[in-house]
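If you're matching positions, the sequence shown starts at 38 in the numbering used here and goes up one per residue.
Careful: at least some of the hints might be erroneous.
Here are the simulated DSSO-like pairs of lysine-lysine, each with C-alpha atoms no more than 30 Å apart in a straight line [claimed, not checked]:
#: 1; residue 1: K178; residue 2: K197
#: 2; residue 1: K197; residue 2: K134
#: 3; residue 1: K212; residue 2: K197
#: 4; residue 1: K310; residue 2: K179
#: 5; residue 1: K212; residue 2: K232
#: 6; residue 1: K179; residue 2: K197
#: 7; residue 1: K178; residue 2: K134
If you anchor each label on the Cβ, the simulated ranges turn out as follows [what the hints assert, rightly or not]:
#: 8; residue 1: G71; residue 2: M255; range: 35 to 41 Å
#: 9; residue 1: E53; residue 2: E317; range: 28 to 34 Å
#: 10; residue 1: W252; residue 2: R281; range: 14 to 20 Å
#: 11; residue 1: L146; residue 2: M255; range: 36 to 42 Å
Hints are computed from structural coordinates only; laboratory data are not their basis.
The C-beta atom is built at its ideal place from N, Cα and C for all residues, glycine as well.
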Amino acid sequence: MLNPAARSEKASTMRERILALSPRVTVWMTESPGDARFLAQRAVHQGFESVVAAGGDGTVNEVVNGLAGADVAFGILPVGTMNVFATELGISQNLSKAWEVIEAGNCRLIDLAKANEEYFVQLGGVGLDAAVVQSTTPDSKKTLGPLSYLITLAQVVARKPPELLIEPVDGPARKGSFVLVGNGRLYGGPFVLFKDARIDDGLLDVLVFENQSHWDIMRYVQAIAFGNHSELPDVQYFQTRGLRLSCEEYVPVELDGELCGHLPYEFGFSNRKLSVLAPEPPEAASS
Numbered sequence: 038m039l040n041p042a043a044r045s046e047k048a049s050t051m052r053e054r055i056l057a058l059s060p061r062v063t064v065w066m067t068e069s070p071g072d073a074r075f076l077a078q079r080a081v082h083q084g085f086e087s088v089v090a091a092g093g094d095g096t097v098n099e100v101v102n103g104l105a106g107a108d109v110a111f112g113i114l115p116v117g118t119m120n121v122f123a124t125e126l127g128i129s130q131n132l133s134k135a136w137e138v139i140e141a142g143n144c145r146l147i148d149l150a151k152a153n154e155e156y157f158v159q160l161g162g163v164g165l166d167a168a169v170v171q172s173t174t175p176d177s178k179k180t181l182g183p184l185s186y187l188i189t190l191a192q193v194v195a196r197k198p199p200e201l202l203i204e205p206v207d208g209p210a211r212k213g214s215f216v217l218v219g220n221g222r223l224y225g226g227p228f229v230l231f232k233d234a235r236i237d238d239g240l241l242d243v244l245v246f247e248n249q250s251h252w253d254i255m256r257y258v259q260a261i262a263f264g265n266h267s268e269l270p271d272v273q274y275f276q277t278r279g280l281r282l283s284c285e286e287y288v289p290v291e292l293d294g295e296l297c298g299h300l301p302y303e304f305g306f307s308n309r310k311l312s313v314l315a316p317e318p319p320e321a322a323s324s
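Please take these sequences and the hints and turn them into a complete structure.
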């Protein structure tokens, strides 16, 4: 599944580069949001043994939702501007090296996180994070790149923060202004947000941020950059098998960088694991 908008390179050129990787490749190109999910479902029905997402985190999310519950191996060619999940798995951003991982055929079974009826592999954001995704226009992203998110962030934090109710299935209820729910360790590229996370441990890692002023956001960002954010007194970090989030106000939710709805939301896991074509994790390779 190739998302031609995932990189500025002409779609036809990228398609030819992918076709040159192997004579066994069939490339289906998306044209609009939702296409990758539909095409992934079609691939399952047609009996393909492996389905590869060629794009960024949004393409990965769509394909994963199309494959959920199917006995199909999932591969990634990270050709988008950002593919955090590929980085999480140790997959190279180099197209040829990423294809070598797919050809090697090593499958890892990972947890398939679920939020209401949608699936995600890396991260869910509730509140501030999702509001930035919602308010950043495609035109500004195209013109300003990552700077567009910072401009939107400055606008969003000026608003009155909501009061979220966070109810883990296996712990006490908590309150906060915005929440990040992780399946993996990384956020926004190289930043380790969830230090104890593993994508195969059956646990969600949760960060609850209690405040949302400009000063608070500056503190949080600095702490994340230095890796000590979970030590801040107004940040709660815990692991859980599932949780429910609710609020009396409208609060948006994003999954893997894609806006998907608003609270209330229940987070947990699918009963089925996701089979991913990926290198062995370092700890497994060294054992």
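Practice task
Could you tell me which of the hints above the structure violates, numbers in ascending order?
Solution key: 2, 4 and 10
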